[in-house]
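A.B. asks: Spelled out from the first residue to the last, the chains are:
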Amino acid sequence: MRGSQAASSRHFVVLGRIASEALQGLDSHAIVVEADVTAAAPAFSIVGLPDAAVQESRERVRAAIVNSGYEFPSRRVTVNLAPADLRKEGPSFDLPIALAFLAATGQARARLGQAAVVGELGLDGRLRAVPGVLAIAQSARRRGLSSLVVPRDNAREAGLVTGLRVLPADTLREAVGVLEGRLAPVCDDVDAEAWLRHGDHPDVDLADVIGQQRIKRALEVAVAGAHNVLMVGPPGSGKTMLARRLPTIMPPLSRAEAIDVTRIYSVAGLLPVEVPLITRRPFRAPHHTISVPGLVGGGSSPRPGEVSLAHLGVLFLDEFPEFRVSALEGLRQPLEDGEVTISRALTSLTFPARIMLVAAMNACPCGFLGDRERECTCPAHRVSQYVARLSGPLLDRIDLRVDVARVAPRDRRTADGGEPSAAVRARVARARERQRRRLGGCTGAANGHLSAPQVRRLCRLDREAVDLLDQAYERLRLSARACDRMVKVAQTIADLDGSPSITGTHIAESLSYRVCEVVPR
Amino acid sequence: MSAPTAADRRRSCLWLAALAARNCGAVGRLVRAAGGFAEVADMPVGEIERLHRACRRSRRPPADERAPESFADVCGCADRGVVTWFDTAYPQGLRDLYDPPPALFVSGRDWQAKLARLATQPAVAIVGSRGPSPYGREMAAGLARELTAWGVAVVSGLALGIDAVAHREALAVLRASARANVVPCAVLGCGASVVHPRQHRRLFLAMYDAGLLVSEYGWDLPAAAWRFPARNRVIAALSEAVIVVEGRADSGALHTAAFAAETGRDVLAVPGEAGRPLAAGPHHLLRDGAHLCESAADVLALLPQVPAKAGQAPESQWAPADPCEARVFAGLQNGEQTVDELAQATGLAILEVVAATSRLEVAGRVAAVAGGRYRVVRAADVGSHT
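If you read the sequences in order, they're chains A and B.
Quick note on this note's numbering: the first sequence kicks off at 1379 and runs consecutively.
Quick note on this note's numbering: the second sequence kicks off at 1060 and runs consecutively.
Since the hints were made in silico from the structure, they are not lab data.
Do not take every clue at face value.
What the hints assert, rightly or not - If the Cβ cut is set under 8 Å, some of the chain A residues that face chain B in the computed set are:
no.: 1; residue: Ala1741
no.: 2; residue: Gly1748
no.: 3; residue: Asp1749
no.: 4; residue: Glu1753
no.: 5; residue: Asp1781
no.: 6; residue: Val1782
no.: 7; residue: Ala1783
no.: 8; residue: Val1844
no.: 9; residue: Leu1846
no.: 10; residue: Thr1883
no.: 11; residue: Glu1887
no.: 12; residue: Ser1890
Said to hold, decoys possible - If you want a taste of the chain A side facing chain B, the calculated C-beta under 8 Å gives, among others:
no.: 13; residue: Gln1590
no.: 14; residue: Gln1591
no.: 15; residue: Leu1747
no.: 16; residue: Arg1750
no.: 17; residue: Pro1757
no.: 18; residue: Gln1849
no.: 19; residue: Leu1854
no.: 20; residue: Ala1886
no.: 21; residue: Leu1889
Idealized CB from N, CA, C, for every residue including glycine.
This is chain B alone, in the form it adopts within the complex:
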C-alpha cells in the first residue's frame, strides 16, 4: 500500500472531524484501537469507517450508522479556515491530547497570521462559573487584564460568566494599548460560526475582529450539552496553564483543570471564601495540589517565557488620603459590610460613611454589591496600564 498523499490525509481528518462532531468519544476509541492518532488519520476513509464500525460500542443504538458527511473543505479564505492535524499551522499543544481534534475550524479576521502568532505566545486559560460572584468577576477581569498586558494570550470558552469577563477584559486591553499582537482565543463547543449563547453576539464579533474563535465541530453545528466537556480538553491543551476562578463542586471548569493536569499543564486556582459554594471548585483543586493564584504574578511566575520583572507584587498597600475614607477602606478589608455596620465599626456617622463609600466607589476601590453592602475591589483597575 502506497503512502497516503496530503489530500488523502486531509480527507481523512475532515471525515474524522465530522465523526467527532456527532459521536462522543468515537475518535478516542479509534485511536485506542489503532495505537495512535497518526495511525488512524493515515488510513483511507473507507478503512477508518470499517474500524469505527468494528470498535463502536455495541449497546449503543446505531444513530451514527450513516457515514458522517465530511465537513466542507473551506480553506484559504481570509476570515475562516480549517487546519488538520497534519498541517504545520495546527497548534502544537493539541498534539498532547490522545484524542486530538482531527481538524480545527478557525474563524477570525486574518486568521492565518493570528494562528501563527498564537503559536509563539504563551497562552493561559481562565475558566470558571457561569454565574460568578462580583469577587469572581473582579479576579477574572484583573487576571485577564494583567496577563494580556504582559503579552499572554487569554484562552477561554466564550460561555457566560467568568469566560465572558476574561474575554471582554482581554479585548479591552488590546483596544486600549499598543499590545495589539496578543491573540485572545475562544474555544467553542458549537460550530465556529455559531454565536452561543445569543447574548454574546457582540463579544463574538469583537473576538472575531481582534482574536480567534476555534472549534473542532465545523462551522454551523448548533450547541449541544455533551460537546462542552469535550471542548474543555481543547481549552486546556491550547494553554500552558489553566486558572480556575470560581466554580461549584460539579463545575465544568474542574473538567478543564483535570484535562490540564492530564496533559501536563499547570493548574492554578483562585481562592474564595471558605464555605461558599462557588469556592468549592477552586478549593478542591488547591487541596489536590493546584497552584495558588492571588494575582497575575502567581501565573507569570509559572511562565518562563515572560520576563522575570513581570513578577511584581499585587498592590495591597494602597490607602486613601482622606482620613474618613481611610477608616472606611480599612473597615472593609475584612469583608463585605453594610453602611450601618461600617458606621458601627469605624465610629463614623452614617453620612460620613455614605460619602466615603461613594467616593471610594468612584475611585474604583470599592464596589456596591447586592444586599446593600460594599466590598473592596480586588485587582482594582485604576488605570495602571492604560
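For reference, chain A alone in the conformation it holds in the complex:
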C-alpha cells in the first residue's frame, strides 16, 4: 500500500542532475550533482563528503536563488555530490547545486547535454571566479565533454584549452539561460601565443649588474645545464640581484610549459584575471621563516608549495642555512625527482616541481668572512656551526658554488654591465639544444639531471681532461661524487663551447665551481 503510494509520488518528482568537476591537487575528477525535492518537513542538506565550504554553500545557494527571482519552496531538499567517496572542497559547487535545485523544482530545464558547470555564487546571484579552472577544463576536455559553464572571470583561463566550448555567465539567471540553451554567450578570444610573445619582455636584464663577470659566467653555465647553484658572499654583494635575473637568461617558456605552470598557479589561486597565463619563468624567493608545507606543499587539503610554484623556473633561497632543517630536507625529493608527492590518509597527490635551485648564503654568521673591507668577527666554532646546518645530501644536489665579492663603488662607476640577457640566452638555448640531441630528445633533460651511470656513459673526456681530474682528485681531496659533478658541469661548459668532447680547459673551469667544504677555505 505505502510502497505503491511512494512509487506514484516519486513519479512526479523531477530529479535535478548537473555535471561538475572536483579539484584534487592539480587533477580534477568528474562528479555529478543531484538534487531531490520532496514534500516533507523543510530542510536543505548536502551529502557526499562535502567540506565546510561546501556545507556553507547551502546559505549562498538559498539566498542567490531567492534574490535571482526564483522560488525556494518549503520542502525537503537533498543534494548529493557523487561519487560519494571523493572529498569535495571549496565553493566551486555553488552553481551546479543551484542549477540542480532549479532543475529539480522545475524552474529550469537542462537542455545542454555534455556540459560541466563550476562557479561560486554571491548572495545576490552573481558568479565569482573559482581556482583551478584550467585543470577543470583540461579534465572536461579529456573526458570528451563539449562545453563548460564558468563564471565570466574564469572564461579566458578555461579558453586556454582548445576543443572545449567555454560558456561564461555573470549571474545565476544567465547560467540558467545558458543551460536551457536560450543564451549562447561567446568567450573572449584567447591568444596564448600572443600572450607568450608579449610577456617575454622582462623588466630586468643581466646587463643591470655591473662587473661580476665571473659570476655571470657561472650562472650561464648553471642555466645551460639546469644545475643548482650556491652563491656565497657578504651582504650587499648582489646575490639577490643576480638571482632575479636568472629567468631572463633561461629559454622562453613553450606553450605547453606555460600551460603546465599556469595550472599550478591557477590551483593556488594566484592567476591574474586579465592575462590568465604565466608567460615568464617563475622566480620564487620565499622568506627563510617559511614552514615545511609552505615550501614543499601540503596542508589538510594539499596545496602546491613554493617548489611547485617555481616549477620550470628558479627557486631562490636567500639565507640558505637559516631555513628550517626540516624544510631543507623536504627539498631533497623534488630536487631528485622533479616532483613532490604528498601523501594523506585517503589520497596521495603529486605536484610537479622541476626547479633550478639557487641558494644564497653568507660565508659566516656576520657575513664578512673573506670580505676585503670589513673584518669578520665570528669565532671559528660559530662559522663551523653555521655551515654545519647544510646537510651533505642537500649539498650533493648542488653542482656549482660561486663566491660573490662586493664590487667597490669606484669599480662600479668604471666597469660596464657586459652582455645583455638576450645574448646569453641565445648561447644557453644552443647548449640546451646540443644536450637535447645527446640525451635523446626528452624535453626536460639537461646535464644537471644526469645520474652517475649516465655521466659515465654519456660524457666523453679527452686525455688531458682525465689527467687533470685525477690530479684534482688527489690534490683538492675531491670525493668520487664531487668528481661526477665536476664532469657534469664540464659537459655543460663543453656544450656551451660547442665542443664534442670535454677538454682539460672545461674541467679546469668546472673545478673552479666545486662545492666541497663550503666555508672557510
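Given the coordinates of chain A, work out where chain B should sit on it, guided by the hints.
C.D. replies: Just chain B, lined up with the frame of chain A:
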C-alpha cells in the same frame, strides 16, 4: 737531618705537581721563599706544606687548604709515565725555568725511548692563533714540514688553529718519509690523557702513536683556562726557538714568546700584512727585536746542530710554463685577487683566467680563499720531500 732519599724526593715532586695543578703560581712562590727549586723539592712533604701555608697569598680564599693529594705514581708503564725534576730523563731545558714543572707526565707509545731521543734533537716551537688565516696555516704547515724533514722536533700546544696545523704537518712528514726518529711533542694544558679540544681526538691519537704528549698536570685533569698560559712556559722551555706565526695583539702565543725570551730562547715571528689584526702579534715581536721568519731557512740558521747546507733559500723563482698561467701567477704575486680583478690586470679573458687559476690550484701553487679570491700558496708543498 739526613739527606732525602730518591723516594722522598719523588714523593715531594709529585706533591708539588699536584699543588701546581690546582694552585696558580704556588710553586713559584715556594721557590722564591726557599731560594731555588732543588731546595723546595728536597724538603719532606710536611715541611713543604708548612712553607706553602706560610707564603700563600693571604687575601685568597683558602680553596687549597686541604693538602693536595699527590698524583698517582705511575711509572715504568709502556705507554705513559712520570719523570720528576730529579730524574735524568727530565728534559734539561725545563730546568731553565725558575718554577719548573715538579714532575712531567708523559704519554705516548714507547715514551721512554722517545723522551730520550727528544733530548738529543733540536726542538722548535710553532705557536699562533687558534683562528688563523689561510696564509697563517700555509706558513705554519710549511715551517713544520721543512723543520721536521731536517730532523727538528716540532713542539706545540695541540690547540686549534696553528698548533694543530703544525702537529698535523709534522706527523704527515713522519708518515711519508724515513725520518721516523724525529719526535714531535705536544704540551697540554690539561691532563696528559685528556683530549682537549674534543675535535682533536684523532690528532691526539696520532701524536700518541708517533710523538709525545706531555703535561705537568697529571693524567685526567680537565682543561681550565688559567693552566694554558702556564703551559706556554713549558712549550718555550722545551724548545730552542719559538716561532709565532699569527696572533692578535692579546694572543697567548705572545706569552710563549715572552717566556722564551725570559729563558734565553730565540724568538722568531712570521710577518703578516700590515694592519691585519692577526699580524699584530708577530709584528709587535718584530718591533721588539724578534728574528724575522720567512722560511725554515731562517730557523735553521739559528740552530747550530743542524748542518749548514740546510740553509737553502726559499723557492721564489718558480714560474708556470703555460703563458696564461704565468701571467695569472705573476698577477697574484702582489696579493689576493678575484677572477674579475685578475682578468682586468692581466688583460686575459675571464675564461682563460678561470682555467689558469684552476690548473694552478691543482698544481698546489695557488689556493682559493673566502670571498672568491685566489692567493699564491707560500711555502708550497709540491712534493719536494716525499
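A.B. asks: Would you mind marking each hint as holding or not holding in the structure?
C.D. replies: Hints versus structure:
For the restraint placing Ala1741/A at the interface with chain B, the shortest Cβ-Cβ distance is roughly 5 Å, inside the 8 Å limit, so the hint holds. Proximity of Gly1748/A to chain B holds as hinted, the smallest CB-CB distance being about 3 Å (cut-off 8 Å). Annotation: Asp1749/A was flagged as interfacial toward chain B, and the flag holds, the nearest CB pair being 6 Å apart, inside 8 Å. The criterion of a C-beta within 8 Å of any C-beta in chain B is met by Glu1753/A, whose closest approach is roughly 6 Å, and the hint holds.
The criterion of a C-beta within 8 Å of any C-beta in chain B is met by Asp1781/A, whose closest approach is roughly 3 Å, and the hint holds. With 8 Å as the threshold, the beta carbon of Val1782/A comes within range of chain B, its nearest partner Cβ sitting at about 7 Å, so the hint holds. Satisfaction of the interface hint for Ala1783/A is found here, the shortest Cβ-Cβ separation to chain B being roughly 5 Å, below the 8 Å cut-off. Here the hint on Val1844/A is broken, as its CB sits about 13 Å from the closest CB of chain B, past 8 Å.
Given the 8 Å rule on beta carbons, the hint for Leu1846/A holds: about 6 Å separates it from the nearest Cβ of chain B. With 8 Å as the threshold, the beta carbon of Thr1883/A comes within range of chain B, its nearest partner Cβ sitting at about 5 Å, so the hint holds. Annotation: interface hint on Glu1887/A holds; nearest CB of chain B at approximately 5 Å, less than 8 Å. A hinted interface residue such as Ser1890/A counts as satisfied when its beta carbon comes closer than 8 Å to some beta carbon of chain B; here the least separation is about 5 Å, so the hint holds.
Nearest Cβ of chain B to the Cβ of Gln1590/A: about 7 Å, under the 8 Å cut. The hint holds. Interface hint status for Gln1591/A: upheld, as the beta-carbon distance to the closest one in chain B is roughly 5 Å, under 8 Å. The interface hint given for Leu1747/A is met, as the beta carbon of that residue sits about 5 Å from the closest beta carbon of chain B, less than 8 Å. Hint status for Arg1750/A: holds, given a least beta-carbon distance of 7 Å to chain B, under 8 Å.
Hint on Pro1757/A holds. Least Cβ distance to chain B is approximately 7 Å, under the 8 Å limit. Taking 8 Å as the C-beta contact cut-off toward chain B, the hint placing Gln1849/A at the interface holds, the least distance being around 5 Å. Look at Leu1854/A: its Cβ gets to within about 7 Å of chain B, closer than 8 Å, so that hint holds up. Interface hint status for Ala1886/A: upheld, as the beta-carbon distance to the closest one in chain B is roughly 4 Å, under 8 Å.
Look at Leu1889/A: its Cβ gets to within about 4 Å of chain B, closer than 8 Å, so that hint holds up.
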